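Visitor: Read off the chains here:
2 protein chains.
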Amino acid sequence: MPAEIPVYQDVVKAHDRIRGYVHRTPVLTSISLNEMFDASFFFKCENLQKVGAFKFRGASNAILSLSDEEKSRGVGTHSSGNHAAALCLAAKMQGIKSYIVMPRNAPEIKKIAVESYGGIISFCEPTLEAREKGMDEVVARTGCTFVPSYDHPHIVCGQGTAAKELIEDVGELDIVIGPVGGGGLISGTSISTKGMLPGARVIAVEPAGADDAYRSFKSGKIVPSVNPNTIADGLLTSLGELNFRVIMKHVDEIVTVSEESIIEAMRLLWERMKIVVEPSGAVPLAGILEKKIETGGKRIGLILSGGNVDLARLPF
Amino acid sequence: MPAEIPVYQDVVKAHDRIRGYVHRTPVLTSISLNEMFDASFFFKCENLQKVGAFKFRGASNAILSLSDEEKSRGVGTHSSGNHAAALCLAAKMQGIKSYIVMPRNAPEIKKIAVESYGGIISFCEPTLEAREKGMDEVVARTGCTFVPSYDHPHIVCGQGTAAKELIEDVGELDIVIGPVGGGGLISGTSISTKGMLPGARVIAVEPAGADDAYRSFKSGKIVPSVNPNTIADGLLTSLGELNFRVIMKHVDEIVTVSEESIIEAMRLLWERMKIVVEPSGAVPLAGILEKKIETGGKRIGLILSGGNVDLARLPF
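Chains as they are written, first to last, in the numbering used here: chain A, -12 to 303; chain B, -12 to 303.
Read the hints as simulated data drawn from the structure, not as lab findings. Only a predicted model underlies this, so the values are computations on that prediction, with no experimental measurement involved. Please note: incorrect hints may appear among the correct ones.
Repeated chains share a single entry, so a pair holds when one copy, or any two copies, can fit it.
Claimed, not checked - Mimicking DSS-like on lysine-lysine, the simulated pairs with C-alpha atoms at most 30 Å apart in a straight line are:
1) Lys236 - Lys98
2) Lys120 - Lys205
3) Lys0 - Lys98
4) Lys0 - Lys279
5) Lys79 - Lys208
6) Lys84 - Lys279
7) Lys205 - Lys0
8) Lys236 - Lys84
9) Lys278 - Lys205
10) Lys58 - Lys98
11) Lys97 - Lys208
12) Lys98 - Lys278
13) Lys205 - Lys236
14) Lys236 - Lys97
15) Lys236 - Lys58
16) Lys58 - Lys205
17) Lys120 - Lys278
18) Lys79 - Lys278
19) Lys278 - Lys84
20) Lys79 - Lys285
21) Lys236 - Lys79
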């Protein structure tokens, strides 16, 4: 029997656990974007979170939920993205070890990021199977606790603290929008939103080139992500099992957007808001640009999930 | 006899006047930058201010200090930069007219910005003389009030509200650093800092390619800016008379930085802080990079003055 899905009170507990360690990120507004779409937008800037992404919330909550004995053996994950960097920094801040299994062909910049946060890297072949096998070996050798990147209640509740802060700061909202990849952020966002503002709609936005969550939502069962193709490299993965169940319960709608809209949204955020947002983080605004989300007179919260981009390889 | 220089209480009054109209911009921190320089940095993000620059503070204070009769005739300035955009938006928010005299060869993007905020543009030849003459004509024709971009107590006190908010938010600081061009921002910053934290040092940073403030400070009289050459296009102007007197009274030191350091600082801010900062706004951090400002164990506030850059023409 599957575990029960977390409730808003679990997000409250997660927030109490992590608030001394995470940034309470600012909520920014833009007159020009509001005028452009006849709406009041509130951008929750998780690009300004530690390690440049909301992932630091879930990783911190997972680590702070461990027993002292578990902490003494460290934590690990197989990831080459924001979750790995987040886990390493959260571990370093608690004075514990972190082990990262990473494909040999991961970009140099990701290796450097993990090492700069004190992560101990094991390289593997670039397949999911090799990553999981490598992780099993590290767990067997070190006794560390494997911390998944989205499919776990601690991760979901940690990520949900971003929407909780957003709503605490701005009050009533008609719609809350987030991107969806594995589903960690949007599932946590939906629990917080429905817990605090039962009348608000929660909308997930996904690149059309990686629309497994959209298809899962429509069909009522998890459709794996096969050969996803999008610039939004944080949204390539399949939905987690727990995340899917939360989404089916709390998310009102999933819409998909084109690559062109993602790049246009990213550029608008940089130009108008003066913030660096990665493609995945621009996906919610892309849903607005494509007019797939009603804006007229509405108060709309958007979670800007991250800001980790290679400045030498901008799409504009 | 020259007017008395403004005191901290004047900044307090300015803040009361404008606080309902300006963003209280966030103060951001970065673990990685702190570790890099063994300091605690507090970045006051005026790049996230309305119109993307601190200039909105001074312009708002100037307009809100007008009588109703003056307001009815509007405001004007000759500028093609952030001050013009700031004045237009501040005027628009009060429902009054704004007149901008702008050189014919001003970049298209600046014209569009001014027009989007409702500014009424008159074009002139690209000389200071033609700009001043054009402004005189507009004032004679419309009866509008000329609002200078830095050499005025209302402007100085408005700009000083950024440092006031910074110090209110973070408390004790050892050093407060800002860029210096015409001197509006640094003079206001120094009044607030010395008023709130008498023991803190105020350091101005200036591009070596536009070092008139540095030379003025050393020689004790205003040295005009002649053929300045720097990517920091907000810092090309000569010091204002009032600004110079405030600087001589309250600023402890002026240091100069190279173009390479400005670009490196700008890139660091984008990469580590995930914010878009224009070259002028990166100048204070460039002073840190060049080790011209002592950092060891210090609490240091930096004013990031603006974020208006052309994304199609980045220097990195």
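Visitor: Each of the hints needs a verdict: does it hold here or not?
Guide: Hint by hint, here is what the structure shows:
Taking identical chains as interchangeable, the C-alpha atoms of Lys236 and Lys98 are never at most 30 Å apart, the minima being 37 Å within one chain and 50 Å between chains. In this homomeric assembly, Lys120 and Lys205 never come within 30 Å of each other (Cα to Cα): the closest approach is 33 Å inside a single copy and 66 Å across copies. Proximity of Lys0 and Lys98 under a CA criterion of 30 Å is satisfied in neither setting, with 33 Å inside one chain copy and 51 Å between copies. For a Cα distance limit of 30 Å, the shortest separation of Lys0 from Lys279 qualifies neither inside one copy, at 34 Å, nor across copies, at 46 Å.
For the identical chains of this complex, Lys79 and Lys208 are neighbours neither inside a copy (38 Å) nor across copies (52 Å), given an alpha-carbon limit of 30 Å. For the identical chains of this complex, Lys84 and Lys279 are neighbours neither inside a copy (44 Å) nor across copies (37 Å), given an alpha-carbon limit of 30 Å. Within a single copy, Lys205 and Lys0 get their C-alpha atoms no closer than 32 Å, and across copies no closer than 58 Å, so neither meets the 30 Å cut-off. In this homomeric assembly, Lys236 and Lys84 never come within 30 Å of each other (Cα to Cα): the closest approach is 36 Å inside a single copy and 52 Å across copies.
In the homo-oligomer, the alpha carbons of Lys278 and Lys205 lie at most 30 Å apart inside one protomer (20 Å), although the nearest pairing across protomers, at 58 Å, exceeds that limit. Taking the closest pair of Cα atoms, Lys58 and Lys98 come within 30 Å of each other only inside a single copy of the chain (23 Å); across copies the shortest separation is 58 Å, beyond that limit. In this homomeric assembly, Lys97 and Lys208 never come within 30 Å of each other (Cα to Cα): the closest approach is 33 Å inside a single copy and 52 Å across copies. For a Cα distance limit of 30 Å, the shortest separation of Lys98 from Lys278 across copies, 29 Å, qualifies, whereas the shortest one inside one copy, 38 Å, does not.
In the homo-oligomer, the alpha carbons of Lys205 and Lys236 lie at most 30 Å apart inside one protomer (13 Å), although the nearest pairing across protomers, at 68 Å, exceeds that limit. Taking the shortest alpha-carbon separations for Lys236 and Lys97, neither the intra-copy value of 35 Å nor the inter-copy value of 48 Å comes in at or below 30 Å. For the homomeric pair Lys236 and Lys58, neither the shortest alpha-carbon distance inside one copy (33 Å) nor that between copies (55 Å) is at most 30 Å. Taking the shortest Cα distances, Lys58 and Lys205 never come within 30 Å of each other, neither inside one copy (40 Å) nor across copies (57 Å).
In this homomeric assembly, Lys120 and Lys278 never come within 30 Å of each other (Cα to Cα): the closest approach is 44 Å inside a single copy and 48 Å across copies. When the C-alpha separation of Lys79 and Lys278 is checked against a cutoff of 30 Å, the pair qualifies only between copies, where the shortest distance is 28 Å, while the shortest distance within a copy is 43 Å. Taking CA atoms no more than 30 Å apart as the test, Lys278 paired with Lys84 passes in neither setting, with 46 Å inside one copy and 34 Å between copies. With identical chains, the CA atoms of Lys79 and Lys285 are at most 30 Å apart between copies only, with a shortest distance of 23 Å across copies and 42 Å within one.
Proximity of Lys236 and Lys79 under a CA criterion of 30 Å is satisfied in neither setting, with 35 Å inside one chain copy and 45 Å between copies.
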